[in-house]
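So the sequences go chain by chain: L and P. Take 0 as the starting number for the first sequence in numbering that gives the first Met the number 0 and just add one per residue. Take 0 as the starting number for the second sequence in numbering that gives the first Met the number 0 and just add one per residue.
Mixed in with the good hints there might be a few duds.
Stated by the list, open to error - Lysine to any residue pairs mimicking SDA-like chemistry, simulated, CA-CA at most 25 Å apart: (1) 124(L) - 85(P); (2) 263(L) - 34(P); (3) 14(P) - 262(L); (4) 218(L) - 202(L); (5) 95(P) - 78(P); (6) 83(P) - 228(L); (7) 2(L) - 73(L); (8) 82(P) - 210(L); (9) 293(L) - 24(P); (10) 67(P) - 160(L); (11) 194(L) - 71(P); (12) 295(L) - 83(P); (13) 83(P) - 250(L); (14) 124(L) - 82(P); (15) 295(L) - 80(P); (16) 83(P) - 203(L); (17) 295(L) - 18(P); (18) 250(L) - 18(P); (19) 250(L) - 24(P); (20) 124(L) - 72(P); (21) 124(L) - 34(P); (22) 27(L) - 122(L); (23) 194(L) - 250(L); (24) 83(P) - 132(L); (25) 143(L) - 78(P); (26) 48(L) - 18(P); (27) 124(L) - 47(P); (28) 340(L) - 321(L); (29) 263(L) - 38(P); (30) 124(L) - 24(P); (31) 320(L) - 279(L); (32) 83(P) - 13(P); (33) 32(P) - 73(L); (34) 67(P) - 327(L); (35) 132(L) - 106(P); (36) 250(L) - 67(P).
Bear in mind the hints are in silico, worked out from the structure with no lab data behind them. Keep in mind that this is a model prediction, so the values were computed, not measured.
Okay, here's what each chain looks like letter by letter:
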Amino acid sequence: MIKSDILIIGAGPVGLFAVFEAGLLKMKCHLIDILPNPGGQCSEIYPKKPIYDIPAYPEILADGLIDKLMEQCSQFQPGFTLGERAMEIDKQQDNSFIVTTDKGTKHSALIVVIAGGLGSFEPRKPIINNIEKYEGFGLEYFIKEPNLFKNKKVVIAGGGDSALDWAVVLSDIASEVTLIHRRNEFRGALDSVDKVQQLKNLNKINIITPAEVVGLNGKNNLESIIIQNPDESTEEIETDFFIPLFGLSPKLGPIANWGLEIEKNAIKVNNSLDYQTNIPGIFAIGDVNTYPGKLKLILCGFHEAALMCQGAYKILNPNKKFLLKYTTVSGVEGFDGTHKKAEKAVVKTIS
Amino acid sequence: MTDINITIIDRLGNKHNVLAPLDMSMNIMELIKSYELADDASIGVCGGMAMCASCQCYIESFHKLNDKSDEEEAMLSEAFHIKKSSRLSCQIPITKDLKDLIIRIAPEY
Chain L
0 MIKSDILIIG
10 AGPVGLFAVF
20 EAGLLKMKCH
30 LIDILPNPGG
40 QCSEIYPKKP
50 IYDIPAYPEI
60 LADGLIDKLM
70 EQCSQFQPGF
80 TLGERAMEID
90 KQQDNSFIVT
100 TDKGTKHSAL
110 IVVIAGGLGS
120 FEPRKPIINN
130 IEKYEGFGLE
140 YFIKEPNLFK
150 NKKVVIAGGG
160 DSALDWAVVL
170 SDIASEVTLI
180 HRRNEFRGAL
190 DSVDKVQQLK
200 NLNKINIITP
210 AEVVGLNGKN
220 NLESIIIQNP
230 DESTEEIETD
240 FFIPLFGLSP
250 KLGPIANWGL
260 EIEKNAIKVN
270 NSLDYQTNIP
280 GIFAIGDVNT
290 YPGKLKLILC
300 GFHEAALMCQ
310 GAYKILNPNK
320 KFLLKYTTVS
330 GVEGFDGTHK
340 KAEKAVVKTI
350 S
Chain P
0 MTDINITIID
10 RLGNKHNVLA
20 PLDMSMNIME
30 LIKSYELADD
40 ASIGVCGGMA
50 MCASCQCYIE
60 SFHKLNDKSD
70 EEEAMLSEAF
80 HIKKSSRLSC
90 QIPITKDLKD
100 LIIRIAPEY
């Protein structure tokens, strides 16, 4: 059981800033995210896009913003459960919550903050009739353990970075790698495209373009795929694995069934106070919440995080007095023993 | 004159004639969102960077549109429910040439 004061679901910019704000109030945070790295959309969808509306940053790249937020909150030593999806929430008699992930990891906290952005990123599944039948039986949407493909025949579909990168990685592990894409052009970093080209020249990767995977065959496990060419002729290719990599799309997912009031696919919160949901102790901040006048901006999420922490503090410390402190006055006392503060002014007489 | 008429057919097949402002540097995806003609989380997921295909639409009139950028071409090549008339609506700025344009929002990705 992982224990913290505040359990944050979603390690995007708003979740990370909440760690900092909570830390100022001596509350310790743990974060869960379905993605393998912190950063949410900023890392997953547009890491190299500049953002222009972060106060005091005339321009900052999305992944740069995440680096800064990680640095800013690091002294408060947040814990991370990455690559797991928050599935269930159970309220305990002592009013704490236990949140369990799809891998069975249990987290306990008095406060749960949903900072889930647009939801958890799910793989986009190609439209093939019996696709579900083979999920886990030769069809994989993520590559978690490359050795699963050792000495196997693998077909990857997709034209983006992940398709290219995994084709390169698996070319060393699998017995055969085939990359199928609907167009002749690939959309990826120049470096990845070049590498795939080299491996193709060495016959380590087969490339079939333009073509599309339209059917899957196999008794229990996947045995072959059917591809369709632009002239609508089809071809069967034997394979042990098929990995469609068509990007991710966000879905609210299991959180939608937690008994929270949902409106327009977002969680309704009390924005006149502290962004708490209809379930006391559960807050929602950032893009995942809604209220009259809501703006889905990172900077609005930061503001919501600060107010949420005030509400969370009151639940965690009933009747304990507290006054907002300014970091300019008190500095920042980390949980790691560090204490950042302004240097003492030199007092000296001018004679 | 700062507004033009555009017809948007939503995912349920309902037709909406809407006024599109010419002076707010908006694109068609934003127009659809501003009139709430698609579930908010199901369109414009990437914010309009041609990095997802959630705002795919089919052009159903004979307007001459701006050319597709490489990014749009690439994203469409990975999208589903593709037709010849497919475009990413976030990549179509609203201009006066789009007067009486008819578009249909593609099924949810």
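What are the numbers of the hints that this structure violates, sorted from low to high?
-> 4, 5, 12, 13, 15, 16, 18, 19, 21, 22, 23, 24, 26, 30, 33, 34, 36
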